[in-house]
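Student: Listed below, chain by chain, are the residues.
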Amino acid sequence: MDSNSTEFIAEAQEVIETFSRSLLELETQSRSGNLDPDLINGSFRAVHSLKGLAGLFGATSIGDLSHALENTLDSLRLGKLDVTREVLDVLFEAIELFGVLLMPKEGVGDPDADLDRFLGKLQALTRAAEQKVDNSESLEWIGEAILGVLTEYEEHRLRENLKAGRNLYRVHAAFDILAIDVGIETLKEKLKAHGEVITYLPSVDGSSDDSIELDILVGSDIDFQKMTEVVADQDVTVHRLAPPGKDGKARPPAVEDVHVPVSSSEQIPDQPEPEVVVEEPKESPRPSAREDAQPSETSLRSLSQTVRVDLRRLDVLMNLVGELGLVQANLGGVLDLLRELEQSGDVSRELQVQIRDMTRKLALLQQGILDVRMVPIGQVFDKLARVVRKVSRELDKEIRLMISGERTVLDKLIVEELSDPLMHMIRNCIDHGIEAPAERVSLGKQQVGRIELRAFPKGNRVVIEVEDDGRGMNWQKIRDAAVRRGVITADDAASISPQDALNLVFTPGFSTRDQASTVSGRGVGMDVVRHNIAKISGMIDVSTEVGRGTLFSITLPVTLAIIQALVIQSAGHTFCIPLNAVLESIMVESRDIGTVEGHEVITLRGKTLPLLHLSRLFELQPLSGHRPDPNRVYVVVVGLAQHRVGLVVDELLGQQDVVIKPLGTALRNVPGIAGATELGANRTVLLLDVGRLVDEGAHIYQTAETNSVTIGGALGG
Amino acid sequence: MTQQPKDTRYNVLVVEDSPPMRKMIVFALSRVRELQVTEADDGVDALRKLAQQRYHLILTDINMPILDGLKLVKRLRADRTYKETPIIIITTEGAAEDRKRALDLGANAYITKPIQAPLVHKIVRQILGLSLT
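Which chain is which? The protein sequence lines are R and A, in order. Sequential numbering from 0 applies to the first sequence in numbering that gives the first Met the number 0. Sequential numbering from 0 applies to the second sequence in numbering that gives the first Met the number 0.
Fair warning: there could be bad hints in the mix.
[Said to hold, decoys possible] Listed next, with one range per pair, are the computed distances between beta-carbon atoms:
| id | chain 1 | residue 1 | chain 2 | residue 2 | range |
| --- | --- | --- | --- | --- | --- |
| 1 | A | Lys99 | R | Leu313 | 23 to 29 angstroms |
| 2 | R | Thr5 | A | Leu102 | 36 to 42 angstroms |
| 3 | A | Phe26 | R | Asp209 | 30 to 36 angstroms |
| 4 | R | Glu415 | A | Phe26 | 26 to 32 angstroms |
| 5 | A | Glu92 | R | Ser29 | 47 to 53 angstroms |
| 6 | R | Phe455 | A | Leu102 | 54 to 60 angstroms |
| 7 | R | Thr5 | A | Lys99 | 35 to 41 angstroms |
| 8 | A | Leu102 | R | Lys131 | 25 to 31 angstroms |
| 9 | R | Ala128 | A | Phe26 | 39 to 45 angstroms |
| 10 | A | Leu102 | R | Lys79 | 22 to 28 angstroms |
[Stated by the list, open to error] Here are some chain R residues the structure puts well away from chain A; computed CB gaps all over 10 angstroms:
| id | residue |
| --- | --- |
| 11 | Glu10 |
| 12 | Thr150 |
| 13 | Asp180 |
| 14 | Val486 |
Source of the hints: derived by calculation from the structure; they are not laboratory data. Glycine included, each C-beta is placed from N, C-alpha and C at the ideal position.
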């Protein structure tokens with residue numbers, strides 16, 4: 000794929016995601032009957048620019064689809080077409096189709112035929128439903144100066160506002176040329192809270208080199224007095240426009256004028272604007288004001304405010320920062336040397352100060368680069384909302400999806416990898432979890448099923464929960480099914496705990512239904528979900544209550560690019576252990592180590608903990624001069640969920656942020672090693688794969704404990 | 000034609016809210032040596048840039064948030080500095096109505112998306128009175 004089409008796809012996806020978000024919001028609004036015209040117009044604009052892009056990159060089918068959609072959206076925004084369920088269905092279908100056209104899968108389906116079919120459907124629908132809009136009423140009283148520059152859409156909105164009996168205002172404002180974006184945004188927010196901004200008209204007279212004057216046409220229910228109060232803290236003039244004969248006055252177009260002086264006595268008339276920024280820091284911090292506003296209003300602008308960066312380029316930067324960290328460590332060495340040489344200590348003191356400053360700034364730089372990789376999880380949630388909509392239709396179930404924490408941020412790579420597993424979980428929820436409406440009613444439940452999708456930070460990790468209020472999971476049934484399928488033996492089943500039984504759903508090939516439905520699909524089970532989540536260092540847990548519902552909880556690291564590690568030494572070799580897997584480090588007297596069936600164990604707070612010697616596991620030859628204390632060893636207790644193992648090491652060297660680098664081919668398949676990283680003085684150090692080591696420990700545990708339970712099935716491999 | 004010294008270059012403003020589209024237009028214009036091209040994100044940004052420096056030619060998209068191309072044309076035609084400055088409208092193929100209105104408001108020419116570089120060169124050279132080489 001050349002860089003051109005990569006850029007097109009990325010750009011197009013962004014537009015389509017915006018469009019999709021607007022549609023979901025539009026659907027919500029259409030239920031309450033309170034439609035925001037800006038939302039429809041925003042969608043129109045999004046699709047319009049997509050059409051332009053498609054033309055630019057020669058993507059004919061995307062262009063054709065955008066063109067047809069643009070027409071439909073134009074009819075919607077001009078009131079020729081109503082926002083009905085049928086129309087929304089077709090628009091949602093278009094989003095799916097965009098996805099197919101954008102990334103056609105080899106040999107699957109026929110996108111061109113799909114497009115033709117869709118275009119036919121769209122045309123039929125538009126033709127059948129389109130209606131005439133009454134534009135007979137004269138608007139002459141508004142004046143040619145305004146009417147002459149209104150687009151068809153703006154004129155339509157103007158008429159709609161008048162039809163609704165709203166008052167029409169012309170708000171004249173002067174903006175400082177440098178602060179105009181913030182100024183417009185602030186004023187728009189105020190006006191939108193009380194009505195609709197119909198258009199912005201540039202004003203010719205009065206604009207100078209350092210200010211731009213605009214007339215803003217606003218339709219609103221509030222009266223003139225109230226309107227002047229609304230904008231009282233802005234430097235604006237409000238005019239009311241009214242048709243002749245109304246309000247008993249025949250003085251078109253301006254009936255009432257008032258200039259709202261913003262404490263004008265205190266301001267130097269020549270430069271009133273810069274203060275806006277200073278005075279209202281809450282409302283006008285430039286970038287965040289945009290982010291906080293509704294996406295539908297700002298999406299198109301944000302296109303021009305963002306830079307798309309290839310993650311690999313960020314990785315390069317991240318590595319550089321890591322290497323700078325090494326330089327900094329080396330500087331520390333230089334400082335020590337200097338201290339020995341220097342008498343007065345002035346230079347070394349100064350160097351120390353500078354190094355400390357550099358350390359702080361390096362940390363900020365690292366954090367800054369990490370922040371760039373972070374994207375809100377909401378991107379995935381939007382996709383899931385579409386899945387819920389689609390699957391619930393297919394299965395004739397009514398679902399209410401509740402989303403929270405969509406602004407929680409995660410590494411872009413993790414977010415990308417999450418969407419498939421989450422999609423599958425949601426499908427499962429709807430298919431297996433939520434009962435059919437009639438069944439729900441007979442159970443005394445609400446007819447509409449509820450699925451909650453939550454994301455929230457927890458410590459330095461992020462938790463994502465998928466909860467439904469469906470039938471729940473019966474652990475005995477799962478256990479019996481597992482026995483039938485040979486996943487566990489009948490003996491194992493007899494002693495299995497409810498939680499372990501539940502965890503069996505994550506075992507490969509497991510499904511409690513004899514007939515996998517088309518929705519969840521056959522063969523792709525929760526084992527794949529768990530595998531995909533483990534790939535991004537996540538853990539998945541399940542809890543359930545029969546008849547009440549099920550909660551899946553995914554715990555994820557915020558990023559994979561950099562981790563905190565515990566640096567340890569074994570037989571003179573140095574290793575790193577991801578700190579989030581370390582539960583504690585303890586010192587153990589050699590005499591406290593016991594053996595069970597040839598395996599070393601210790602008893603920690605009443606529980607048996609299997610020990611693993613890294614030196615034996617990796618068959619390390621002790622480096623010359625290395626002589627561990629024969630009487631005591633350090634044990635680093637590592638674990639995932641409830642499974643633990645103690646790693647026997649010689650030294651604990653400390654804690655450090657490390658940038659993980661992929662392994663070369665030689666080491667890639669060595670079990671127990673997850674990657675490599677660099678510590679100071681050009682030393683390459685291996686990072687331990689805790690998941691594998693715990694598996695190893697579990698294996699020992701199983702053979703050591705006579706009355707063993709099945710742990711292996713619930714552990715990652 | 001003699002080489003233009005640097006300071007007598009023509010300042011051109013490209014107003015387009017879609018970054019890739021803007022990039023393409025700027026790229027097409029980069030082939031005309033005599034131009035010094037500046038980019039504006041949208042109509043408001045255009046007004047800001049127009050006030051900061053004198054431009055000899057403006058290319059603008061029509062469909063933009065806040066201040067669209069039509070209103071920009073209207074504003075410039077009533078402006079002391081820019082009332083004679085050539086404006087080229089960038090429209091999509093189907094938008095005949097937009098095109099007509101822009102020309103009525105005082106735009107000098109139009110080009111349609113997708114952008115065809117040779118055509119853009121020709122129109123720009125013609126409007127600025129440059130030789131067609």
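Student: Can you list which hints this structure breaks, lowest number first?
Tutor: Going through the list in order, the structure violates hints 1, 5, 11, 12, 13 and respects the others.
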